[in-house]
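Go by the hints and put chain B onto chain A.
Chains as they are written, first to last, in the numbering used here: chain A, 1 to 306; chain B, 1001 to 1171.
These aren't lab readings, by the way, just hints derived from the structure by calculation.
Honestly, I wouldn't trust all of these hints.
What the hints assert, rightly or not - Which bits of chain B does chain A cover? Going by a derived footprint, with three or more residues having C-beta under 8 angstroms, they are:
| # | stretch |
| --- | --- |
| 1 | 1017-1028 |
| 2 | 1032-1042 |
| 3 | 1067-1080 |
| 4 | 1092-1104 |
| 5 | 1123-1131 |
| 6 | 1139-1153 |
Please read these numbers as outputs of a predicted model, since none were measured by experiment.
Note that CB positions come from ideal geometry on N, CA and C, so glycine has one too.
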Amino acid sequence: MASEGSKRPGFSRRARFGLFAGYVVAITGALVGAGLVIIAIFDPQGFSSIRGGMSDITAPISSTGRGAVQSGGRIDDYIANWWNAGRQNADLRAELDIARRRLIEARATDLENRRLRELVNLIEGETETLATARLVNSSLTSTRRTATLFAGRNQGVMSGQPVRAADGLVGRIIDSGRTASRVLLLTDRSNIVPVRLTRDGTPAFTTGRGDGSVEVRSLEAGRNSFEEGDVLVTSGTGGIYPPNVPVAVIIQVFGDTALATPLANPAALDFAIVQPAYEPPVEETESPEDVAPDDSEPAPGLSETP
Amino acid sequence: MSRLHAADENLALVRAQLSLIPSASVIAGSLLCLMPLIAQAPLLPPIALMIFLAWRFLRPEIWPIWAGLPFGLFDDLITGSPIGSGMLLWTIILLTLDYAVNRAMWRDYWIDWLAATAALTFYIMADMVLTVLTGGGWVFAPLLPQIAAAILLFPLCLRLCARLDRRRLTL
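Just chain B, same shape as in the assembly:
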């Protein structure tokens, strides 16, 4: 009986750990910016936001509507965007998606990708504007490769999250 009870506890622990997978993957996306590379242009797309959105499209109920606040703040601290910009922009994106999903009659892979394209482009441009306001300078052309990379890598993020989701639900 006690052994069974212990096994049960163990299972609960493993389940708790597995339930952390989505959050952990977003945080890992932010931490990717710590790669020891000195870049001369913004070359990495906003991976954390892409993973965050991929989870949002796969499992719409997974993030509470305020989930952009902690993840956005953490991303700001790591990536060096103005502090608070991630909190603001991620929440705007989440609220807009929430509103759009209620309005949309139809939803498939391509529409998801289109929505992600809009969200990522909005984020990169708005982040640039906020950076300008807080002491940076106008930069436009170097952002284009970053936007293209974000759009093209998004399906890969979806795949990755689907793989992680399967791992999450095995137990």
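Just chain A, with the same shape it has in the complex:
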């Protein structure tokens, strides 16, 4: 088929003008689009109210089908469980025995911890729950990994608050509408979480890879401190994420970096919990002014010496 060329306007002046005006509108509009992107470059949160409003509108639509999809997504699990029932039963029983022993140890440690904390008067910010809601949809085509949470400003959900589930950390809120908000998932490329190893407390941080896993980097250069199967928990450094929330488990080690999979799978979550942004407690140290006079005065026992 020979190419037909574009619309030829013929000799009609009006048609020609209409075509020309179309090009003018198109190019102007494209430049406006570029302008909007440039605004977003300098102020990434600039359109968050528009985004929040859009999630208000779209969240109810997605939430209607969420329950059905969620139960549908687990059918393969059910079948696999049915198939492996015998072997799994034996494995689980062995695991349960170990877990029971560990649990008793953990209870003892917990008790001791609490007693020691009381001894040093360490007051921890209590972890309250702002909202408990479902994740209803996610960015399916975009490279950003965001999900929509069906709770918004009406429930007190604000940008910057951490989102977690029973299994572990999910991400944090990036913009909130009235009844829905958007969550930046752990696996987004721009989501950096300070963590530490549960084994020896090595500080590290995770960055999303955009494909469902996260990359772990140690803060201590030159040490290969990661091992497969290590569990990472948040360290609470820098605020936002409260400490000791499980984050991910390491599946592959490459020198001083490692690949890990998040412990909480947002696709299989029943509910996500929004907590207030964590603020690290300010340690009260004695200021130098208080210390200095004490030093100049002689110790009480020594002053009476002739």
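Positioned in the frame of chain A, the structure of chain B alone reads:
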């Protein structure tokens, strides 16, 4: 006479509704992103753009040259790409196709597919770059399955639009 007149009006209404089919199909493509799935990687190809391009190849005169602006903006709002990126990229694609069609001597199914491949790859990569500029992060490997899916699903979109086009022109 009055009955005939009423029938005429009815027909006009139905025709008006049918003429909305192309726009409605592109918007439906954008709305597909509201599927209640939590994806760990970008797994859905840009369906709205694919339907938009399929109509462009089937009926080159169907979209005015500025049609990428409203559809692109709507797609941005729904999919979560930076606002304005769709307006910019869809219009660039439309202008480029317009220019290329004037230059090309020959056109067939395979050339259309090749042009669509180029347009979709350009869109996915450029959208990633704009996302990076507005606060995202560089992602390359997870995009490859998305690009492949977009290329392979495009003929299906053409079929779908051809089917819709037949429905549109029945009256």
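Quick one: which hint numbers does this structure break? Sort them smallest to largest.
1
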